[in-house]
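S.K.: Residue numbers (the numbering used here), protein chains in the order written: chain V, 1 to 266; chain L, 1 to 47; chain X, 1 to 353.
To be clear, the hints were calculated from the coordinates, so they are not data collected in a lab.
Partial chain X-side listing against chain V, Cβ under 10 Å, derived: (1) Gly12; (2) Met33; (3) Asn86; (4) Pro114; (5) Glu127; (6) Ala195; (7) Leu197; (8) Arg228; (9) Ala237; (10) Ile244; (11) Asp247; (12) Ala249; (13) Gly284.
Some chain L residues flagged as far from chain X (calculated, every beta-carbon gap over 10 Å): (14) Gln35; (15) Ser36; (16) Thr37; (17) Thr38; (18) Phe39; (19) Pro40; (20) Asp41; (21) Phe42; (22) Ile43; (23) Glu44.
With a straight-line cut-off of 35 Å between C-alpha atoms, the simulated DSBU-like cross-links for lysine-lysine are: (24) Lys15/V with Lys337/X; (25) Lys268/X with Lys316/X; (26) Lys13/V with Lys316/X.
We put the CB at the ideal spot given by N, CA and C, even for glycine.
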Amino acid sequence: MTLEKGVLNPAAKDKEDMFIGWAGAPAVDRRFLLVALPASLAVTTGAAYAVASNLSDPGAGAWLTNATHSVTGVLVNRPYPMIYTADPAAPDGVRTVLVVAQGKCTSGLDLAGATGRPVRAEGVLIQRKERQMLEVPLFVDEWLFDADGAAGETAVAIPQEEPLGTARLAGNIMDSKCFFGVMRPGRGKTHKACASLCIRGGIPPSFWARTDSGREVVMLMTDADGNAFGEDILPFVADPVEAEGAIVRVGDILQFRADVSDIRRT
Amino acid sequence: MRRAHRRTHLLLWFLLAPLTAAAAIYALSLAPQDQSTTFPDFIEQGE
Amino acid sequence: MGHQYQAIQWNGNKVVYDLYILAALAVFLVVFMVVGLMPTDAGHTADPVVLMIRALGVAAFTMLTIILMIGPLARMSKRFNPLLYNRRHLGVITFFVATAHFGLALLWYHGGGPINPLVSLFVSNAEYDSIPGFPFEIFGLVAFVVLFLMAATSHDFWLNNLSAPVWKALHMMVYPAYALLVLHIVLGALYTEKAALYPVMTFGAFALVSGLHLYTGLREWAADSGMRRLKKQGWIAVAAPGDIPLDRAVIAPLPNGERVAVFRYDNKISAITNVCRHQNGPLGEGRIVDGCVTCPWHGWQYRPEDGVSPPPFTEKVATYNARLENGMVMVDPRANKPGERAEPILLPEGGAS
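Extracted from the complex, chain V is given alone in its bound form:
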């Protein structure tokens, strides 16, 4: 707007028709919009492309929802519900499959006294590299059946614990279900609340650590006694932490057993 002789003169540089919302648009505005709107569309679409194409890798997890997966083996409840099943590809031929409920309420799972004996479980497979997890409904009749005992099935022995030593490691406490494949990526600050809620609901935590060279380890996490944590683990979930504890091999997986007082944020 032009300041002329002490007053504002809007018309000084402006001879065209005025845009009035309830009338048709003047030609000059139509011409402008004919350029500005496509340009704006290009910018917003470009922004969508730029943001979406620079997102980090969602991780190696998968959630195979379009198939029912069957696992036969021995069910145990400590430290978390899991099934030891025969798998020739696993070390010593035994694979650990964690069992979690749909949603975030695994602590509501009723194992109906089925622990310690052969069972067949049906659910949805969640898998990240070598780690497997079966997602089942809460009602035990819908997923837990007696093992068929078909000919040729080997009875699976519950693996012995093998303490390896203690270590202090820097890493993250993840909720295993999201991390193994339900959320991709299931980590970081934006996932922290969900991870905490999942672990509160009974999903087992896993400790995830990596070396400089990119080697990673994912260990099932328990308290120092080898049991599930209480709520005092929740503040540390998804934050970068340092934890000191014992590492125990149980079959094909490692367990990291740490007291909450030996965990600190870094």
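Fit chains L and X to the known structure of chain V by using the hints.
M.R.: Chains L and X only, in chain V's frame:
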């Protein structure tokens, strides 16, 4: 726009812009970097 | 203009405006999802729900950035007045996108668990005592509440019934809400996603919005300073009739800091407040259309002689008395009551000299 309102706008942005920028830059500077760690020898897994 | 309240008074421009927004939003979301769901080289694919939460969040922030640029841009060039006209619809649609983002995140991240999702929102990440650990969700929630209140009161019904100062104060909250959204993004998304592009885009958007506001704010301040210094008493000299373009106005300062618009039309000159009754738009930047002063923002109209809107509308604004003295238009800085007639200056035949 009324004069008081013109002034509110200007004052608001004079305060809000640097304060927000400073807070945001500071918060971003505190973002944790991905941390790496050293495994003890007995962890022979390395996925 | 409301002689009776209708939900939305549609016209051709508003329809085109809204259709464009919806089309651009659809394209945005489709491109985001298609690109984001492409498998990586390692064969990994993102979770579509998380991706949609991100798409909606980025869309809402982008839309709000655009909305906040429209005001200053319209001060810099009249070409942006068509975007200003229906900005309210853009705001409400942005609120809907924000609701979708919030709702999906609430269900996906906080649903299906052992506690109520709305409780989980506050307690699942409870690191309120840390800056890097701070629950960024809360910044988003506060901004969402502001957007909700603005969308809920976006209709002129509320403008009139809450009173203009209250309504305006509420809608000014969009600025702190935008600042909170920057923090929501920094402490959330930028902590998880480390591509350098993202802080550049976030801070760039904020810099654009705040830069435009500061620039146009300073221009207005300079205009206020540059306008004639006035004695506190007596009529003010505005301009010679010949300096006022036909069917247009010049805008002069009043001693109380407000502005008066002096229009020349037919062979007359009238002085009217520069401030439109609707949203305080600059009447002096408008024109005489069908014999009425027409506001450039939403097209509200007033008769120049008495400041009354033409039937069937009933709005009134204040007029000012004017007279011709030694070839200058003089205006009495004491406003008349809204709707009070002020006798126009009659110019000699042949118009202004």
